[in-house]
Amino acid sequence: MKIGVFICHCGENIGRTVDCPRVSKAAEWFPGVVHSVDYKYMCSDPGQNMIKDAIREKGLDAIVVGSCSPHMHEKTFRKAALDAGINPFLCEMANLREHVSWVHDDIEEATQKAIDLTRMAVEKVKRNQPLATIKVPVTKRTLVIGGGIAGIQAALDVANAGYEVVLVEKEPSIGGHMSQLSETFPTLDCSQCILTPRMVEVYQHPKIKLMTYSEVEKVEGFIGNFHVTIRQKARHIDASKCTGCGLCITKCPIRKKAFNSFEEGMAYRPAVYVPFPQAVPNIPVIDETVCTYYKNGKCGVCVKVCGREAIMFDQQDKLVTEEIGAIIMATGYKLYDISKKPDDSFIKGYGEYGYGKYKDVIDGLQFERIASASGPTSGEFKRPSDGKEPKKVVFIQCVGSRDDSKGFSYCSKICCMYTAKHAMLYKHKVHDGEAYVFYMDIRSGGKMYEEFVRRAIEEDGVKYVRGRVSKVYEQNGKYIVKGEDTIAGMPVEIEADMVVLATAMIAQENASTLAQTVGIPYDKYGFFNEAHPKLRPIESTTGGIFLAGACQSPKDIPESVAMASAAAAKTMVLFGSDMLEREPVVARVNELLCGGCFYCRKVCPYSAIEVREIKDRNGVVIKEVAYVNDGLCQGCGTCTATCPSKSVELMGFTNEQIFAQIAAL
Amino acid sequence: MTEEKWEPKVVAFVCNWCTYTGADLAGTSRLKYPANMKMIRVMCSGGIDPVFIIKAFERGADGVLISGCHPGDCHYNAGNFHARRRWTMFHQLLEYLGIDKNRLQFSWVSASEGKKFVDVVSKVVNDVRELGPFKGYKELNSEFTAVVNGLKQEVNKAEAVNG
Ligand SMILES: Cc1cc2nc3c(=O)[nH]c(=O)nc-3n(C[C@H](O)[C@H](O)[C@H](O)COP(=O)(O)OP(=O)(O)OC[C@H]3O[C@@H](n4cnc5c(N)ncnc54)[C@H](O)[C@@H]3O)c2cc1C
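Top to bottom, those sequences are chains A and B. Per our numbering, the very first residue in the first sequence carries number 1; after that it's consecutive. Per our numbering, the very first residue in the second sequence carries number 1; after that it's consecutive.
Just so you know, these hints were derived from the structure itself, not from any lab. Check before you lean on any hint, since a few could be wrong.
[Stated by the list, open to error] Cross-link-like lysine to any residue pairs, in silico, SDA-like; alpha carbons within 20 Å at most:
1) A:Lys534 <-> B:Asp73
2) B:Lys5 <-> A:Ile107
3) A:Lys257 <-> A:Gly297
4) A:Lys524 <-> B:Lys32
5) B:Lys138 <-> A:Lys257
6) A:Lys534 <-> B:Ser110
7) A:Lys602 <-> B:Thr28
8) B:Lys135 <-> A:Ala239
9) A:Lys413 <-> A:Glu450
10) A:Lys602 <-> B:Lys32
11) A:Lys318 <-> A:Lys413
12) A:Lys602 <-> B:Asp119
13) A:Lys524 <-> B:Thr88
14) A:Lys524 <-> B:His70
15) B:Lys138 <-> A:Glu215
16) B:Lys135 <-> A:Arg16
17) B:Lys32 <-> A:Glu215
18) A:Lys602 <-> B:Lys5
19) A:Lys602 <-> B:Lys138
20) B:Lys32 <-> A:Arg16
21) A:Lys534 <-> B:Thr28
22) B:Lys55 <-> A:Ile107
23) A:Lys218 <-> B:Asp49
24) A:Lys524 <-> B:Asp73
25) A:Lys646 <-> B:Asp49
[As the list claims (entries may be wrong)] The following residues of chain B were derived to be distant from chain A, with all beta-carbon distances above 10 Å:
26) Asp24
27) Gly27
28) Thr28
29) Gln92
30) Phe106
31) Leu131
32) Lys135
33) Ala158
[Claimed, not checked] Residues from chain A shown here face chain B by an in silico Cβ test under 10 Å; the list is partial:
34) Pro70
35) Gly351
36) Thr513
37) Gln516
38) Ile520
39) Asp523
40) Pro558
In this text the structure is predicted, and so the values were computed from the model without any measurement. Using N, Cα and C, we set each Cβ at its ideal position, and we do this for glycine too.
So that you can see chain A by itself, here it is in the shape it has in the complex (with noise of 0.2 Å):
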């Protein structure tokens, strides 16, 4: 085999500390290099250049660079050797810039773990093999998860360009919690009259199939080729013949034994329901734990008063698979219910606000369906608790978040803007009320956010206090909110009307079970991991998975619909080509060697390991070896360093190449 060497000075970077006329020369003496030379910038096009030259002229087989990090230009440098007529998978690099030229002063010391690693490399590139780039097809269809206004988003600018969606929404209505909104910052436009309209586009588009009520239970395959399973939950309503009358909703004799969770608890619902009047679709669901019918077999005056004979009891979950190429995760969130017993040490819970004992301090989303006019008191501020108007409000910020010791350490993003929101929503209703704000620092930055927080200040008369709250106590039907005002250095108490709590936003449930179930990364709060937290903030780590709105942080409308927007175009960019290329790093089984314990399967993240018989001439199953599916590996190796007969390798990365690399220490 003839070995061609290339050290690169990277100008001054690697010279000053790295003598390369002398790596090179060294070069020249190890086993199989034919060829060795230095030059001031290898990358630029007279260095590359000089290496094509070479291949051609000293008809090289593989070649060694000495110059960056290989993920600075090892594409660039593969890519040379592709142009000069060599496999590009025979290019090796030395790290010789971030490995050595700038971590190490001494240059005679430089220069000789220059000349090691160089070597390593030429023994490893000896025992490369030519590979060849993987191609797959690309099934054009994307599932998005999640019908909240990232998912809605997402799907609309996927299927608008052509390509069929699958939206799944594990409640019986899309709208997510924008549908529950009150008005919304900055603008205070009305959030079901600019969300409605989007759901409705959702329903009627041509290209989204969508299924409410459904949860995803399976993804096996692997980037445009994924298998998903999805289980659509029994309704108990053939949604075929339902036309969305409501009479059975109307007819239910069970009025107040199921709490009405789209309210926040603060009414109730019958036992068949649609979750809130503009639902899409508007088709309702039978909740079996309430109607009579699933106690005793009696009632079934839904049955009665259909007039489409649409009720089902005895309808099914159902099972549905889906042949699919990219998926949106856009799974949102859920705020932090600080009336849970603390279950887990990590939440500890903020039992001196009163949250859950008393029914005048509420959390923000019930806040906003007080605000709203479609909500349990028609928009007018009425106290859980009687009903009458509060006149003096406080508003506590931070519950939950920004707060090591009881709760999240990260800060929530949102609610210093729906605070101030919320402030100025009662201030317009209620003119002689006063609200107080307890705030840590406001955080408003985004386009209009610090002037609409000033506008509450400034022109509702919004008081804001610095400071914690340490204690809310009822006293004489009062509540009275204990705290201290940091800027003034002294305690304040307040006897308040009502108390909202701004509590964090924070993972969906159950956020950490579906990333396992899809197979992408999550943090330890449960929000789903980006590729990079800079340049891939879209994309999830596993390929033709992204991600979307606040299942990846606390994040707004604005940005959530950004994100899905972005994630929309990821999809239509892998959409873009019917085959897929990747790079053939993947694992390979020597079946001759494979003694079929597959030890392989059982450590394997992406199940990617397969099991193939080897049968005689009579078709008889001799033996049964691993077979490695190449769409599926990524290439880590983990099943080369299990396998207890070394018969499986790593393509790029075979033991017989990294004993090289040792040998030549």
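Following the hints, put chain B with the ligand in place on chain A, whose structure we already have.
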């Protein structure tokens, strides 16, 4: 080679995504660490075979460092968990092989921890410097060579006698 001149030789097996990139960051940040360590890149710490380490010691390494992504941050979701389990086991076996446990060290270094990388490398090199050169295999080799040479002499003698 005299004792003063001896410099520890450390081999690091690192994953492509976190530690290798963390080392690149140490470079771009112009941090400094001893030149005694040479790195071998693998894709994932989950793919580091115990045999690599034995081979490294056999080939004259005085210390070995293994490093990959932090638990939970693995580029391949779970490779480093397998690595962690494997190394906990292997570490126990090391003494049985006659190798001081401190010659093999593990550390999670993320792509953003250039500083940590430098600290880890410096620590390993220092620890190994304190332990002195690793002679285990060399001694074994010389014993083995002695036995072989002895045998050869016997054979020669026998041949001479019979000849
Ligand atoms: C009190 C309050 C007031 C706010 N006011 C404003 C405001 O004025 N302006 C503003 O810009 N933002 C506001 N926000 C923020 C806004 O609610 C979010 O930015 C937005 O809802 C995020 O959208 P999303 O689609 O990412 O998530 P979500 O709205 O949470 O939607 C997620 C959807 O996914 C579904 N889902 C979850 N898990 C699954 C699963 N496993 N399978 C299938 N489906 C699933 C859910 O049922 C839900 O429909 C406010 C938030 C709060 C708490």
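Consistency of the hints with the structure:
1. Under the criterion of a C-alpha separation no larger than 20 Å, the hint pairing Lys534 of chain A with Asp73 of chain B is consistent with the structure, at around 16 Å.
2. Under the criterion of a C-alpha separation no larger than 20 Å, the hint pairing Lys5 of chain B with Ile107 of chain A is consistent with the structure, at around 18 Å.
3. Between the alpha carbons of Lys257 of chain A and Gly297 of chain A the distance comes to roughly 18 Å, so the proposed pair stays at or under 20 Å and holds.
4. Taking the CA atoms of Lys524 of chain A and Lys32 of chain B, the gap is about 32 Å. The hint is violated against a cut of 20 Å.
5. Distance hint between Lys138 of chain B and Lys257 of chain A is unfulfilled; the C-alpha atoms sit about 80 Å from each other, more than 20 Å.
6. Taken as a hint, the Lys534 of chain A and Ser110 of chain B pair is honoured in the structure, with Cα atoms around 15 Å apart against an allowance of 20 Å.
7. Restraint check: the Cα-Cα separation between Lys602 of chain A and Thr28 of chain B comes to about 39 Å, which exceeds 20 Å; the hinted pair is violated.
8. Restraint check for Lys135 of chain B and Ala239 of chain A: not satisfied, since their Cα atoms lie roughly 78 Å apart, outside the 20 Å limit.
9. Restraint check: the Cα-Cα separation between Lys413 of chain A and Glu450 of chain A comes to about 13 Å, which is no more than 20 Å; the hinted pair holds.
10. With a C-alpha separation of about 41 Å, the suggested pairing of Lys602 of chain A with Lys32 of chain B is violated against the 20 Å cut-off.
11. Annotation: proposed proximity of Lys318 of chain A to Lys413 of chain A is violated, straight-line Cα distance about 39 Å (limit 20 Å).
12. Taken as a hint, the Lys602 of chain A and Asp119 of chain B pair is broken in the structure, with Cα atoms around 35 Å apart against an allowance of 20 Å.
13. At roughly 24 Å between alpha-carbon atoms, Lys524 of chain A and Thr88 of chain B are farther apart than 20 Å, so this suggested pair is violated.
14. A C-alpha spacing of about 12 Å is found between Lys524 of chain A and His70 of chain B, which places the hinted pair at or below 20 Å, so the restraint holds.
15. With a C-alpha separation of about 62 Å, the suggested pairing of Lys138 of chain B with Glu215 of chain A is violated against the 20 Å cut-off.
16. For the given pair, Lys135 of chain B sits about 36 Å from Arg16 of chain A by alpha-carbon distance, which is inconsistent with the 20 Å threshold.
17. Proposed proximity of Lys32 of chain B and Glu215 of chain A is contradicted: the alpha carbons are some 52 Å apart, above 20 Å.
18. A distance of roughly 48 Å separates the Cα atoms of Lys602 of chain A and Lys5 of chain B; the hinted pair therefore is violated under the 20 Å criterion.
19. With a CA separation close to 38 Å, the supplied pair Lys602 of chain A and Lys138 of chain B exceeds the 20 Å bound.
20. Of the supplied pair hints, the one linking Lys32 of chain B and Arg16 of chain A holds, its CA atoms being roughly 15 Å apart against a limit of 20 Å.
21. Between the alpha carbons of Lys534 of chain A and Thr28 of chain B the distance comes to roughly 18 Å, so the proposed pair stays at or under 20 Å and holds.
22. A threshold of 20 Å between alpha carbons decides the hint, and for Lys55 of chain B with Ile107 of chain A the separation of about 29 Å lies outside it, so the pair is violated.
23. Under the criterion of a C-alpha separation no larger than 20 Å, the hint pairing Lys218 of chain A with Asp49 of chain B is inconsistent with the structure, at around 32 Å.
24. Restraint check: the Cα-Cα separation between Lys524 of chain A and Asp73 of chain B comes to about 10 Å, which is no more than 20 Å; the hinted pair holds.
25. Between Lys646 of chain A and Asp49 of chain B, the direct Cα distance comes to roughly 10 Å. Compliance with the 20 Å bound is thereby established for this hinted pair.
26. A cut-off of 10 Å between C-beta atoms contradicts the statement that Asp24 of chain B is not in contact with chain A; the least separation is 4 Å.
27. With a minimum CB-CB distance of about 3 Å to chain A, Gly27 of chain B fails to clear the 10 Å threshold, and the non-interface call is violated.
28. Not every beta carbon of chain A lies more than 10 Å from that of Thr28 of chain B, the smallest distance being close to 6 Å; the non-interface claim is violated.
29. Its beta-carbon lying about 17 Å from the closest one in chain A, Gln92 of chain B satisfies the requirement of being farther than 10 Å from that chain.
30. Consistency note on Phe106 of chain B: stated as away from chain A, and its beta-carbon is indeed over 10 Å from all of that chain's, at 14 Å minimum.
31. Interface exclusion of Leu131 of chain B from chain A stands, the closest Cβ pair being 18 Å apart, more than 10 Å.
32. Every C-beta of chain A lies more than 10 Å from that of Lys135 of chain B, the closest at about 17 Å, which supports listing it as non-interface.
33. A cut-off of 10 Å between C-beta atoms confirms that Ala158 of chain B is not in contact with chain A; the least separation is 36 Å.
34. A least Cβ separation of about 8 Å between Pro70 of chain A and chain B falls short of the 10 Å threshold, and the interface hint therefore holds.
35. With 10 Å as the threshold, the beta carbon of Gly351 of chain A stays out of range of chain B, its nearest partner Cβ sitting at about 31 Å, so the hint is violated.
36. Using the Cβ-Cβ criterion of 10 Å, the hint placing Thr513 of chain A at the interface with chain B is not satisfied: the shortest such distance is roughly 14 Å.
37. For Gln516 of chain A, the suggested interface contact is upheld, since its CB lies about 9 Å from the closest CB of chain B, less than 10 Å.
38. Given the 10 Å rule on beta carbons, the hint for Ile520 of chain A holds: about 8 Å separates it from the nearest Cβ of chain B.
39. For the restraint placing Asp523 of chain A at the interface with chain B, the shortest Cβ-Cβ distance is roughly 8 Å, inside the 10 Å limit, so the hint holds.
40. For Pro558 of chain A, the shortest C-beta to C-beta distance to chain B is roughly 29 Å, which exceeds 10 Å, and the interface hint is violated.
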